[in-house]
Amino acid sequence: MNLLSVQDLHTSFFTSSGEVKAVNGLSFNLDEGKVLGIVGESGSGKSVTAYSILQILSHPGRIVSGSVKFRGQELINSGEDTMCHIRGNKISIIFQDPMTSLNPVFTIGNQLMEAILLHTDRNKKQAKERAIEMLKLVGVNDPEKRLKQYPHEFSGGMRQRVMIAMALACEPDILIADEPTTALDVTIQAQILELMSELQKKMGMAIILITHDLGVIADMCDEVIVMYAGEVCERGTIDEIFYNNKHEYTKGLMRSIPTISEEKEKLKPIGGSPVDLLNMPEGCAFSPRCDNAMKICITHKAKEIHINEMHISRCWLNIKNELDNGTLTLTQVKELHENE
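For the sequence shown, counting from 1, position 54 maps to 52 in my numbering; every step adds exactly one.
Simulated from the structure, these hints should not be mistaken for lab results. Among the hints, erroneous ones may be present.
Unchecked claim - Pair by pair, the computed Cβ-Cβ distance ranges are:
1) ARG69 x LYS134: 28 to 34 Å
2) VAL184 x GLN147: 24 to 30 Å
3) GLN189 x HIS83: 18 to 24 Å
Cβ atoms here follow ideal geometry from the backbone N, Cα and C, with glycine treated the same way.
Make a model of the complete structure from these sequences and hints.
This is how it looks when you write it as structure tokens:
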């Protein structure tokens, strides 16, 4: 049984201008002890996916349909009591900006202990001991003194360590890290990622790492989902995505990565602007920005095809190549698109 199973998840924001389909048919499974990376540009639906799993969407966001199962238990429409037990206890999240995630008028100790008292049967003294233990675990020096301090007295890196300590205080089965290093400088980023990797191995938890940084993905993840305009373009193992990528958007992301070489090469950014989610194209969402788009890309969405057992892509060019190679017939392509 999968630790977490998300199937055909649809999440929309119902605005005065129309429905914004922020997550449109997302499916994936997460096994125990594994690290899943979700990568894509801003607005691709990465964070909304995390908020949908924990059901902490802001108005006017709403889960329209789909299934989210934790250890076989359905979480969609399970009720607030169930979700209060799940959040922080079984599934924790680290948000993008630790300064806005921590309450400025309460001490670090107060906020750490609140999570422990809420989700465990420890008393106040035991909760304080656990808070000190967690601060030591994440590398915060002089934790007894730090408990009495306020968020503004911490640096950005130290605030993020506190957020990690808070998220792991109840030993969750899954940690969702929503761009945990975005607001930090490069040196502190490396320290935070190394810390998360060490804690993941020590505690045996699974991680969903949400980021736009492919370097971070390469260092930490076992499997990767590439998202664009709320949809999955491609998913597979690290090696498949980095060395055998099959979707034009993934290839564009790879070309945008700076390389260390003797020759000076210009970066090759993806042309155009992200798609307007209120006016989605009929066909592939990436087709307006794709240099290799065909007529069918503009009018019809491609269905997912298996490149191999560990790799799935949604691109008409893959289907064309399969037809050219004779590994897929025209009849099979028609059946695939008619049945879904």
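> Holds or violated: 28 to 34 Å for the Cβ distance of ARG69 and LYS134?
Replying inline: holds (30 Å)
> How does the Cβ-Cβ distance of GLN189 and HIS83 compare with 18 to 24 Å: does it lie in that range?
Replying inline: Given about 33 Å between the Cβ atoms, the range is violated.
> Okay, VAL184 versus GLN147 on CB: inside 24 to 30 Å?
Replying inline: holds (26 Å)
In terms of the numbered hints stated before, the structure departs from hint 3 and from no other.
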